[in-house]
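Asker: Model the full structure from these sequences, guided by the hints.
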Amino acid sequence: MTESSEPAPPEDAPSARIDDVLDTPETGAEAAGETGAEEPLGSRATALDAPEANALAARRRPTVLVLAGAVGCGKTSVYAAIYERLGRGPFGGWMFAGSRTIAGFEQRCHWWRTSSGGSEPYMEHTRANDLPWLHIRLRDSESREPARDLLLGDFDGEFFDQLADNRMQPSELPFLRRADHVGLVIDGEHIAKVTARAAERQQTEYLLERLLIPDALAGTDALSLIVTKSDCLARSRDAEGAESCLAELNQRASKLAGRPVPLLRLAVRSQDPQFPLGHGLETLLEMLGLRPALQIAADPEPYEPATALGRFRA
Amino acid sequence: MSSQPHGVVMLGLPSSGKSTYLGGLFHSLKDSGADGLRLQGLPDERDYLIELEKAWLALEPLERSRHHGPKHVELPLLLGEPDDARPLRLEIPDVVGESYEAAWEYGQWEQSLQALLRTARGLLLFARANAVVAPELIEIHPSKGESSGERSPWEPADSPTQAKLCDLLEQVGEMRREAFPAIAVVVSAWDSVADLGLAPADWLQWQLPLLAQWLTSHKPTLTQRTFGVSAQGGDLENEQVREQVAIHAGERPVPLNGDKLTAPLRWLLDHA
Numbered sequence: 001m002t003e004s005s006e007p008a009p010p011e012d013a014p015s016a017r018i019d020d021v022l023d024t025p026e027t028g029a030e031a032a033g034e035t036g037a038e039e040p041l042g043s044r045a046t047a048l049d050a051p052e053a054n055a056l057a058a059r060r061r062p063t064v065l066v067l068a069g070a071v072g073c074g075k076t077s078v079y080a081a082i083y084e085r086l087g088r089g090p091f092g093g094w095m096f097a098g099s100r101t102i103a104g105f106e107q108r109c110h111w112w113r114t115s116s117g118g119s120e121p122y123m124e125h126t127r128a129n130d131l132p133w134l135h136i137r138l139r140d141s142e143s144r145e146p147a148r149d150l151l152l153g154d155f156d157g158e159f160f161d162q163l164a165d166n167r168m169q170p171s172e173l174p175f176l177r178r179a180d181h182v183g184l185v186i187d188g189e190h191i192a193k194v195t196a197r198a199a200e201r202q203q204t205e206y207l208l209e210r211l212l213i214p215d216a217l218a219g220t221d222a223l224s225l226i227v228t229k230s231d232c233l234a235r236s237r238d239a240e241g242a243e244s245c246l247a248e249l250n251q252r253a254s255k256l257a258g259r260p261v262p263l264l265r266l267a268v269r270s271q272d273p274q275f276p277l278g279h280g281l282e283t284l285l286e287m288l289g290l291r292p293a294l295q296i297a298a299d300p301e302p303y304e305p306a307t308a309l310g311r312f313r314a
Numbered sequence: 315m316s317s318q319p320h321g322v323v324m325l326g327l328p329s330s331g332k333s334t335y336l337g338g339l340f341h342s343l344k345d346s347g348a349d350g351l352r353l354q355g356l357p358d359e360r361d362y363l364i365e366l367e368k369a370w371l372a373l374e375p376l377e378r379s380r381h382h383g384p385k386h387v388e389l390p391l392l393l394g395e396p397d398d399a400r401p402l403r404l405e406i407p408d409v410v411g412e413s414y415e416a417a418w419e420y421g422q423w424e425q426s427l428q429a430l431l432r433t434a435r436g437l438l439l440f441a442r443a444n445a446v447v448a449p450e451l452i453e454i455h456p457s458k459g460e461s462s463g464e465r466s467p468w469e470p471a472d473s474p475t476q477a478k479l480c481d482l483l484e485q486v487g488e489m490r491r492e493a494f495p496a497i498a499v500v501v502s503a504w505d506s507v508a509d510l511g512l513a514p515a516d517w518l519q520w521q522l523p524l525l526a527q528w529l530t531s532h533k534p535t536l537t538q539r540t541f542g543v544s545a546q547g548g549d550l551e552n553e554q555v556r557e558q559v560a561i562h563a564g565e566r567p568v569p570l571n572g573d574k575l576t577a578p579l580r581w582l583l584d585h586a
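If you read the sequences in order, they're chains D and L.
By the working numbering, the letter at position 131 of the first sequence is numbered 131, and the numbering carries on one by one without gaps.
Take any residue in the second sequence, count from 1 to its spot, add 314: that is its number in the working numbering.
The reader is advised that the hints may include incorrect statements.
Claimed, not checked - Below, in silico cross-link-like pairs of lysine to any residue (SDA-like), each with a Cα-Cα straight-line distance of 20 Å or less:
(1) L:Lys533 - D:Asp221
(2) L:Lys368 - L:Leu353
(3) L:Lys533 - D:Ser171
(4) L:Lys533 - D:Glu240
(5) L:Lys574 - L:His562
(6) L:Lys533 - D:Glu145
(7) L:Lys533 - D:Glu142
Claimed, not checked - Some chain D residues near chain L, calculated using beta-carbon distances under 8 Å:
(8) Arg88
(9) Gly93
(10) Ala97
(11) Trp112
(12) Ser116
(13) Ser143
(14) Lys193
(15) Thr195
(16) Leu264
Hints in this document: simulated from the structure, not taken from any laboratory.
On a predicted model such as this, the values are computed, not experimentally measured, just so you know.
Note that beta-carbon positions come from the ideal geometry of N, C-alpha and C, so glycine has one too.
Answerer: Below is the structure:
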């Protein structure tokens, strides 16, 4: 919002300030000047940048979720589906309580809707220079507890490819360590296809190993495995092989983490009526609700109000 | 009389019925004792209100407000029963819907509107019952044969009604540091959906679920209620309805489960 100043924190606001840890690095392509289209001046920003996300984190202590996975694995669809599903009413015991990035959700959901003019649902690829942080506030539908804020990191899958390939270090992706939950995304469509399964499995294992090196995450209990497009598994010509692959990946993750790693199955935008919009999100929200935040080891610095919310780029 | 006017801001997208409501409200307030609310006298700056009232009485469609920024409207009211009424100055500016559309699309607010919103003691949030843009998913309403399947980029202006209204409330919340005034949701053109037999709050949950959740989730700190009003009194495009409404042009019928024009304002004044 233009012409407005940053609201002062409420008296009971937490005193933590989380400097820079939600920041986004440049990809190789970006550093080389091969950036995608910039939002034109004066247009509405559709997500939060790192300072805005940090300011919100300092005020509201949100639960931070980052989905990590390759380009096209369905990370953005998961976030969009949370909003799109709430747009039809409360679900999974949660109701919509607000968002600083409604425009961002709308933009992402656009390609699923008739207003896009398309005949099939589609999701645009998140680019490295897109603003990464989406925000949504949820409250239990009985209004028994105060509302909870979620910060959702919608990053270009290229970052995670580079991390898996050792072209990027976890320390260059500080949001991973700040995240309360990191969901390693496994593309269920690839696992379902015999011809794509081995490559998906290998890439998942590489990324898993990189995420579990010391200090990459706040703790191993931040990690979960998220299988997207899980409706494809049921249709697989080798469903047994697909299930076996997932079980082995889960076992491997648990062994490396030294604790059981949860595996969630989602099919958030399936055309199969057996998998309605947002299928599986209840379990994701339940997981976020059960453990909303990890303790950050470093002592928080005194709160210093940011000078401007900068909600919009205008 | 109190020197500080009681500010109520009408918030709604273009063509959501704000000006029609204001024209009808002005006329209704001249009736003594409508909902325990009446005009104490005609306001000094009455020309704009009289213009709206004239068009309302003549059953003419109100053209989109042409003024820029909030049009100042202040009404000297008496609140309560005649023998126990207290005076109150109601400031209820007519804000063009385009101002709100710009706030949604660009995040840009006129300074004068921001000032009003920061100090308002009540909000009248307008949603027009027969002009809801819903988030329709592709498989629910597949593109017809004439569609080539070519995708058009996202235009903020084409977004669903509930998204725009929730975002405007979020932005008002930022301005006011989350201290919201009482909100009366006015579902306008209630006559167009009255046959469904729903209460206005139930209609809101059904047609604008995101907004309904937003309002519910802010309880108990937010006081809110949903009203169904029909400032026009019916579909004036329909000649039969038009003739019926014209017989009692100054007193429009209240549709099934609907509310009188003065009801949202009276409720806001009681809860501000």
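Asker: State for each hint whether it applies.
Answerer: Tested hints:
1. Simply put, Lys533 of chain L and Asp221 of chain D have alpha-carbon atoms about 34 Å apart, too far for the 20 Å limit, and the pair is violated.
2. For the hint linking Lys368 of chain L to Leu353 of chain L, the alpha-carbon distance of about 17 Å falls within 20 Å, and the restraint holds.
3. The hinted pair formed by Lys533 of chain L and Ser171 of chain D fails the criterion: a straight-line CA distance of about 42 Å is larger than 20 Å.
4. Among the hinted pairs, Lys533 of chain L with Glu240 of chain D is inconsistent with the structure: their alpha-carbon atoms are about 49 Å apart, more than 20 Å.
5. Between Lys574 of chain L and His562 of chain L, the direct Cα distance comes to roughly 15 Å. Compliance with the 20 Å bound is thereby established for this hinted pair.
6. A C-alpha spacing of about 11 Å is found between Lys533 of chain L and Glu145 of chain D, which places the hinted pair at or below 20 Å, so the restraint holds.
7. For the hint pairing Lys533 of chain L with Glu142 of chain D, the CA-to-CA distance comes to about 11 Å; that is within 20 Å, so the pair holds.
8. With 8 Å as the threshold, the beta carbon of Arg88 of chain D comes within range of chain L, its nearest partner Cβ sitting at about 6 Å, so the hint holds.
9. Because the smallest distance between the Cβ of Gly93 of chain D and any Cβ of chain L comes to about 13 Å, over 8 Å, the interface hint for this residue is violated.
10. Of the supplied interface hints, the one on Ala97 of chain D holds, with its beta-carbon coming within about 4 Å of a beta-carbon of chain L, less than 8 Å.
11. The restraint placing Trp112 of chain D at the interface with chain L holds, with a minimum CB-CB distance near 6 Å, inside the 8 Å limit.
12. About 5 Å separates the beta-carbon of Ser116 of chain D from the nearest beta-carbon of chain L, less than 8 Å, and the hint is met.
13. Given the 8 Å rule on beta carbons, the hint for Ser143 of chain D holds: about 6 Å separates it from the nearest Cβ of chain L.
14. For Lys193 of chain D, the interface hint is violated, the least distance from its beta-carbon to any beta-carbon of chain L being 23 Å, above 8 Å.
15. The criterion of a C-beta within 8 Å of any C-beta in chain L is not met by Thr195 of chain D, whose closest approach is roughly 27 Å, and the hint is violated.
16. The interface hint given for Leu264 of chain D is broken, as the beta carbon of that residue sits about 23 Å from the closest beta carbon of chain L, more than 8 Å.
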